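Taking the hints into account, I'd like the entire structure generated from these sequences.
Chains L and Z are the protein sequences, given in the same order. For the first sequence, the positions run 358 to 469 when our numbering is used. For the second sequence, the positions run 72 to 186 when our numbering is used.
Take the hints with a grain of salt, since some may be wrong.
In silico DSSO-like cross-links for lysine-lysine, where the CA-CA straight-line distance does not exceed 27 Å [as the list claims (entries may be wrong)]:
#1 L:Lys384 <-> Z:Lys113
#2 Z:Lys149 <-> Z:Lys113
#3 Z:Lys113 <-> L:Lys417
#4 L:Lys408 <-> L:Lys384
#5 L:Lys395 <-> Z:Lys149
#6 Z:Lys154 <-> Z:Lys128
#7 Z:Lys113 <-> L:Lys393
Bear in mind the hints are in silico, worked out from the structure with no lab data behind them. Source: prediction; values computed, not measured.
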Amino acid sequence: SQELEQSPQSLIVQEGKNLTINCTSSKTLYGLYWYKQKYGEGLIFLMMLQKGGEEKSHEKITAKLDEKKQQSSLHITASQPSHAGIYLCGADRPNTGNQFYFGTGTSLTVIP
Amino acid sequence: EPEVTQTPSHQVTQMGQEVILRCVPISNHLYFYWYRQILGQKVEFLVSFYNNEISEKSEIFDDQFSVERPDGSNFTLKIRSTKLEDSAMYFCASSELASGGGTQYFGPGTRLLVL
Chain L
358 SQELEQSPQS LIVQEGKNLT INCTSSKTLY GLYWYKQKYG EGLIFLMMLQ
408 KGGEEKSHEK ITAKLDEKKQ QSSLHITASQ PSHAGIYLCG ADRPNTGNQF
458 YFGTGTSLTV IP
Chain Z
72 EPEVTQTPSH QVTQMGQEVI LRCVPISNHL YFYWYRQILG QKVEFLVSFY
122 NNEISEKSEI FDDQFSVERP DGSNFTLKIR STKLEDSAMY FCASSELASG
172 GGTQYFGPGT RLLVL
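Set out below in structure tokens:
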């Protein structure tokens with residue numbers, strides 16, 4: 358089965374520091390999505406990447422998809438307490454109509 | 072900005088009881104989804120719905136579960152006879168296009184506790 362592994366599982370950083378979260382698949386990804394989940398709340402869509410080598414940025418968050426479309430990274434510059442939460446990568450399951458699956462999640466804590 | 076809404080935010084029920092979780096997807100979206108997240112575990116796909124019928128379902132979505140779009144705005148998940156292991160956060164999502172072309176937007180979730 359296709360799995361999305363995220364690393365690290367959890368991250369604690371000082372406010373102002375940069376950080377990177379990785380999402381790795383054993384198979385080619387067709388659409389890679391990043392979501393953020395605040396503790397006990399819903400998922401907030403951050404970015405979608407589809408093309409190999411694609412990079413997107415929104416405010417202080419940059420996401421990249423590698424050329425082989427098997428790994429994505431999410432980079433936060435100058436982290437703030439508002440960045441705290443659980444970051445999930447998600448992907449479309451190939452050869453299905455509408456199945457979508459999520460990675461294992463990375464819990465981010467930002468210490469003021 | 073349009074958003075997916077879910078009610079109730081929390082539901083406590085006795086084992087064996089029926090529960091209905093409600094969702095109002097974004098109005099121009101055509102594809103609807105339910106997901107489940109057991110505490111401390113991954114978000115798991117349950118079912119997708121398009122054109123008034125189920126288009127995909129996972130192994131979790133057994134005969135105890137059903138979905139319905141009773142009118143033009145609501146999308147519901149019914150659990151016929153709840154079990155303890157149904158306790159989880161249930162998320163509804165909707166997208167304008169099918170998975171693979173459309174981003175799914177999620178509701179805030181309903182936390183279900185089965186006693």
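Results for each hint:
1. This hinted pair checks out: Lys384 of chain L and Lys113 of chain Z have alpha carbons roughly 19 Å apart, not beyond 27 Å.
2. Simply put, Lys149 of chain Z and Lys113 of chain Z have alpha-carbon atoms about 21 Å apart, close enough for the 27 Å limit, and the pair holds.
3. Using a Cα cut-off of 27 Å, the hinted pair Lys113 of chain Z and Lys417 of chain L holds, with the two alpha carbons roughly 26 Å apart.
4. At most 27 Å may separate the alpha-carbon atoms for a hinted pair to count; Lys408 of chain L and Lys384 of chain L meet this at roughly 15 Å.
5. A C-alpha spacing of about 26 Å is found between Lys395 of chain L and Lys149 of chain Z, which places the hinted pair at or below 27 Å, so the restraint holds.
6. Straight-line distance between C-alpha atoms of Lys154 of chain Z and Lys128 of chain Z comes to about 19 Å, which keeps the hinted pair within the 27 Å bound.
7. The suggested pairing of Lys113 of chain Z with Lys393 of chain L holds, with an alpha-carbon distance near 13 Å, which does not exceed 27 Å.
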